[in-house]
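Enquirer: All chains should be modelled from the sequences, with the hints used to inform the complete structure.
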Amino acid sequence: MTRHADPTQVQLTADGRLKHFLTTEGLTKSLLTEILDLADSFISTQERAVKKVPLLRGKTVVNLFFENSTRTRSTFELAAKRLSADILNLDIARSATSKGETLMDTLWNLEAMYSDMFVVRHADSGAAHFIAEQVTPGVAIINAGDGRHAHPTQAMLDMLTIRRHKGTIEGQTVAIVGDILHSRVARSQIHALKTLGAKEVRVIGPATLVPKEMAALGAKVFYDLEQGLADADVVIMLRLQKERMSDALLPSESEYFKLYGLTEAKLALAKPDAIVMHPGPINRGVEIDSAVADGQQSVILNQVSYGIAVRMAVMAMAMSGQASEQAAEKSQGETL
Amino acid sequence: MPSTVNSLPDAEVLFQQLGANVKSYITDNNLQQPLLIGIRSGGAWLAQRLQEELELPELGIIDISFYRDDFDERGLPIRAQGSKLPDSIEDRDIILVDDVLMSGRTIRAAMNEIFDYGRPRRINLAILLDIGGRHLPIQADIVGAKVALSANKKAKLSGPKPFSFSLENQS
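Keeping their order, the protein sequence lines are chains A and B.
If you read the first sequence in numbering that gives the first Met the number 0, its first letter stands for residue 0, the second for the next number, and so on.
If you read the second sequence in numbering that gives the first Met the number 0, its first letter stands for residue 0, the second for the next number, and so on.
FYI, nobody ran anything at the bench for these hints, they're computed from the structure.
As the structure is a prediction and not an experimental result, all values here were calculated from the model.
Check each hint, because a few of them may be wrong.
What the hints assert, rightly or not - The calculated lysine-lysine pairs, modelled on DSBU-like cross-linking and capped at a C-alpha distance of 35 angstroms, are:
{"hint": "1", "chain 1": "A", "residue 1": "K198", "chain 2": "B", "residue 2": "K22"}
{"hint": "2", "chain 1": "A", "residue 1": "K329", "chain 2": "B", "residue 2": "K152"}
{"hint": "3", "chain 1": "B", "residue 1": "K83", "chain 2": "A", "residue 2": "K80"}
{"hint": "4", "chain 1": "A", "residue 1": "K193", "chain 2": "A", "residue 2": "K28"}
{"hint": "5", "chain 1": "A", "residue 1": "K193", "chain 2": "B", "residue 2": "K83"}
{"hint": "6", "chain 1": "B", "residue 1": "K22", "chain 2": "B", "residue 2": "K160"}
{"hint": "7", "chain 1": "B", "residue 1": "K145", "chain 2": "B", "residue 2": "K160"}
{"hint": "8", "chain 1": "B", "residue 1": "K22", "chain 2": "B", "residue 2": "K155"}
{"hint": "9", "chain 1": "B", "residue 1": "K152", "chain 2": "B", "residue 2": "K83"}
{"hint": "10", "chain 1": "A", "residue 1": "K265", "chain 2": "A", "residue 2": "K50"}
{"hint": "11", "chain 1": "A", "residue 1": "K198", "chain 2": "A", "residue 2": "K265"}
{"hint": "12", "chain 1": "A", "residue 1": "K329", "chain 2": "A", "residue 2": "K241"}
{"hint": "13", "chain 1": "A", "residue 1": "K329", "chain 2": "B", "residue 2": "K153"}
{"hint": "14", "chain 1": "A", "residue 1": "K165", "chain 2": "B", "residue 2": "K145"}
{"hint": "15", "chain 1": "A", "residue 1": "K165", "chain 2": "A", "residue 2": "K265"}
{"hint": "16", "chain 1": "A", "residue 1": "K51", "chain 2": "B", "residue 2": "K153"}
{"hint": "17", "chain 1": "A", "residue 1": "K265", "chain 2": "A", "residue 2": "K241"}
{"hint": "18", "chain 1": "B", "residue 1": "K145", "chain 2": "B", "residue 2": "K83"}
{"hint": "19", "chain 1": "A", "residue 1": "K241", "chain 2": "A", "residue 2": "K257"}
{"hint": "20", "chain 1": "B", "residue 1": "K155", "chain 2": "A", "residue 2": "K51"}
{"hint": "21", "chain 1": "A", "residue 1": "K50", "chain 2": "B", "residue 2": "K83"}
{"hint": "22", "chain 1": "B", "residue 1": "K160", "chain 2": "B", "residue 2": "K83"}
{"hint": "23", "chain 1": "A", "residue 1": "K80", "chain 2": "A", "residue 2": "K219"}
{"hint": "24", "chain 1": "A", "residue 1": "K28", "chain 2": "A", "residue 2": "K211"}
{"hint": "25", "chain 1": "B", "residue 1": "K145", "chain 2": "B", "residue 2": "K155"}
{"hint": "26", "chain 1": "B", "residue 1": "K160", "chain 2": "A", "residue 2": "K329"}
{"hint": "27", "chain 1": "B", "residue 1": "K22", "chain 2": "A", "residue 2": "K28"}
{"hint": "28", "chain 1": "A", "residue 1": "K80", "chain 2": "A", "residue 2": "K265"}
{"hint": "29", "chain 1": "A", "residue 1": "K50", "chain 2": "A", "residue 2": "K80"}
{"hint": "30", "chain 1": "B", "residue 1": "K83", "chain 2": "A", "residue 2": "K51"}
{"hint": "31", "chain 1": "A", "residue 1": "K165", "chain 2": "B", "residue 2": "K160"}
{"hint": "32", "chain 1": "A", "residue 1": "K219", "chain 2": "A", "residue 2": "K265"}
{"hint": "33", "chain 1": "B", "residue 1": "K160", "chain 2": "A", "residue 2": "K28"}
{"hint": "34", "chain 1": "A", "residue 1": "K28", "chain 2": "B", "residue 2": "K83"}
{"hint": "35", "chain 1": "A", "residue 1": "K270", "chain 2": "A", "residue 2": "K241"}
{"hint": "36", "chain 1": "B", "residue 1": "K83", "chain 2": "A", "residue 2": "K198"}
{"hint": "37", "chain 1": "A", "residue 1": "K329", "chain 2": "A", "residue 2": "K265"}
{"hint": "38", "chain 1": "A", "residue 1": "K51", "chain 2": "A", "residue 2": "K193"}
Expert: Okay, structure coming up:
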């Protein structure tokens, strides 16, 4: 078994088109822009009387969630349905693997049911990448979150949100606040923001939840919320991942809210037209005050709508990349 | 069909002809508030200029990228720009506009997409150049001209101002 060190190469065809979507890391600005442009067209198709387009008619998509996530799973499900694909939801956490079946055996069984795409959520970093390397050519893998590594569709829906509300990503100062340590979203966001030309990416949180290597990714580290929010164009709040946290990392939720919770007074330090984002689910009164979450500057619910369009875009592009690669191999086979 | 040609007519002259034909078609068939819908990209250019010349209030643009029947062979085109249609097309008289009619597959895809927006009263088809070679039972109601091309050739429109045709080999 050979493992490619670079997931970027695994997710692209020989001519640089997307065939899996594993990470935003290493993807070019033009490819990320192509995802956003396509997502924009899918926003308009969803405003019609008939929300579906027949692009993936006859294709079978399997939602393979080894970790629970109602929102991500249901937006992937809607995205597949609006592309006219058939979708199967597997709650793996409660089925085969708990009976001792290995990951690859589960996968091969599903492949034998003629699946065309797997949407994978897994607690281990690198799981989607591993599956992409093992899977039969022609089958696309979409990473719906792997451990602490990446959550690329969430990052891209955040990019789409910024672009639609601020016009462009170039030149924006973006502050990401909260539990950076456990956040695969933050890592994917930083890669995408840097590639798309954000002026400054700041990560803000307590030292126990902000790993130092964030600076190496090109982000500016702040431990003080008020300093970090100064003149920001975009404020992205992250959920405090209580389920992943041991007690030593945090004093208490109320203490955390006092220091890092976003209130109207603190938001006033950012630019007056700054937007507030959150990947959800939100913990009101822990990382964000209700007045901000429901306020004028919040675009949290818009993010959910854009999430469907972005997932439609990457699914269509990955399936398209697989189709063109298969067609190229077939014509090569014929000439030999 | 006329005998096979190896050169194409002047696209600007054809466009004037098409404009006159669309105008008399609207009168002859008594179309009420006809809605021009152009298929990206050539058909959209034509529909835009027809709209100006005929002084019609509305215009629709349709991008059939999501409705093509060759996704498994070709995948998505590099740029899908999306469709822009008026809020309602219910009971409208539509004139669907495209540059070149050959297999008819593009027109089938466009009609499928139009029906996802609503139920028009009638769809009429206006084509600048009909080059034959149909795969589907689809015919134009209004044409600029008909020519027969040799089997391995196709016509490509450049535009939007001025229009010109070039002859290309079929891929």
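Enquirer: Hints first: check each against the structure and report whether it holds.
Expert: These are the hints, each one checked on the structure:
With a C-alpha separation of about 54 angstroms, the suggested pairing of A:K198 with B:K22 is violated against the 35 angstroms cut-off. The hinted pair formed by A:K329 and B:K152 meets the criterion: a straight-line CA distance of about 25 angstroms does not exceed 35 angstroms. For the hint linking B:K83 to A:K80, the alpha-carbon distance of about 22 angstroms falls within 35 angstroms, and the restraint holds. With a C-alpha separation of about 9 angstroms, the suggested pair A:K193 and A:K28 falls inside the 35 angstroms cut-off, and the hint holds.
Taken as a hint, the A:K193 and B:K83 pair is honoured in the structure, with Cα atoms around 32 angstroms apart against an allowance of 35 angstroms. Restraint check for B:K22 and B:K160: the C-alpha separation of about 21 angstroms stays at or below 35 angstroms, so the hint holds. Of the supplied pair hints, the one linking B:K145 and B:K160 holds, its CA atoms being roughly 22 angstroms apart against a limit of 35 angstroms. Proximity of B:K22 to B:K155 is assessed by CA-CA distance (about 25 angstroms); at most 35 angstroms being required, the pair is judged to hold.
Under the criterion of a C-alpha separation no larger than 35 angstroms, the hint pairing B:K152 with B:K83 is consistent with the structure, at around 31 angstroms. Simply put, A:K265 and A:K50 have alpha-carbon atoms about 40 angstroms apart, too far for the 35 angstroms limit, and the pair is violated. The hinted pair formed by A:K198 and A:K265 meets the criterion: a straight-line CA distance of about 22 angstroms does not exceed 35 angstroms. In summary, the hint linking A:K329 to A:K241 is not supported, as the alpha carbons are separated by about 50 angstroms, beyond the 35 angstroms threshold.
The straight-line distance between the Cα atoms of A:K329 and B:K153 is roughly 25 angstroms, inside the 35 angstroms bound, and the hint therefore holds. Of the pairs offered as hints, the one joining A:K165 and B:K145 is violated, with about 49 angstroms between alpha carbons and a cut-off of 35 angstroms exceeded. Straight-line distance between C-alpha atoms of A:K165 and A:K265 comes to about 21 angstroms, which keeps the hinted pair within the 35 angstroms bound. Between the alpha carbons of A:K51 and B:K153 the distance comes to roughly 32 angstroms, so the proposed pair stays at or under 35 angstroms and holds.
For a cut-off of 35 angstroms, the pair hint linking A:K265 to A:K241 stands: about 23 angstroms separates their Cα positions. A hinted pair counts as satisfied when its Cα atoms are at most 35 angstroms apart, and B:K145 with B:K83 qualifies at roughly 29 angstroms. Of the pairs offered as hints, the one joining A:K241 and A:K257 holds, with about 17 angstroms between alpha carbons and a cut-off of 35 angstroms not exceeded. For a cut-off of 35 angstroms, the pair hint linking B:K155 to A:K51 stands: about 31 angstroms separates their Cα positions.
Restraint check for A:K50 and B:K83: satisfied, since their Cα atoms lie roughly 15 angstroms apart, inside the 35 angstroms limit. At roughly 21 angstroms between alpha-carbon atoms, B:K160 and B:K83 fall within 35 angstroms of each other, so this suggested pair holds. Restraint check for A:K80 and A:K219: the C-alpha separation of about 40 angstroms exceeds 35 angstroms, so the hint is violated. Taken as a hint, the A:K28 and A:K211 pair is honoured in the structure, with Cα atoms around 26 angstroms apart against an allowance of 35 angstroms.
At most 35 angstroms may separate the alpha-carbon atoms for a hinted pair to count; B:K145 and B:K155 meet this at roughly 15 angstroms. Between B:K160 and A:K329 the alpha-carbon distance is near 40 angstroms, which puts this suggested pair outside the 35 angstroms criterion. Distance restraint check for B:K22 and A:K28: the Cα-Cα separation of roughly 46 angstroms exceeds the 35 angstroms cut-off, and the hinted pair is therefore not satisfied. Of the supplied pair hints, the one linking A:K80 and A:K265 is violated, its CA atoms being roughly 41 angstroms apart against a limit of 35 angstroms.
For the suggested pair A:K50 and A:K80, the alpha carbons sit about 9 angstroms apart, so the restraint of at most 35 angstroms is met. This hinted pair checks out: B:K83 and A:K51 have alpha carbons roughly 16 angstroms apart, not beyond 35 angstroms. Between A:K165 and B:K160, the direct Cα distance comes to roughly 34 angstroms. Compliance with the 35 angstroms bound is thereby established for this hinted pair. Of the pairs offered as hints, the one joining A:K219 and A:K265 holds, with about 19 angstroms between alpha carbons and a cut-off of 35 angstroms not exceeded.
Taking the CA atoms of B:K160 and A:K28, the gap is near 32 angstroms; set against the 35 angstroms cutoff, the hint holds. Distance restraint check for A:K28 and B:K83: the Cα-Cα separation of roughly 27 angstroms lies within the 35 angstroms cut-off, and the hinted pair is therefore satisfied. The suggested pairing of A:K270 with A:K241 holds, with an alpha-carbon distance near 30 angstroms, which does not exceed 35 angstroms. A threshold of 35 angstroms between alpha carbons decides the hint, and for B:K83 with A:K198 the separation of about 33 angstroms falls inside it, so the pair holds.
Restraint check: the Cα-Cα separation between A:K329 and A:K265 comes to about 59 angstroms, which exceeds 35 angstroms; the hinted pair is violated. Of the supplied pair hints, the one linking A:K51 and A:K193 holds, its CA atoms being roughly 33 angstroms apart against a limit of 35 angstroms.
Checked against the numbered hints above, the structure violates hints 1, 10, 12, 14, 23, 26, 27, 28 and 37; every other hint is satisfied.
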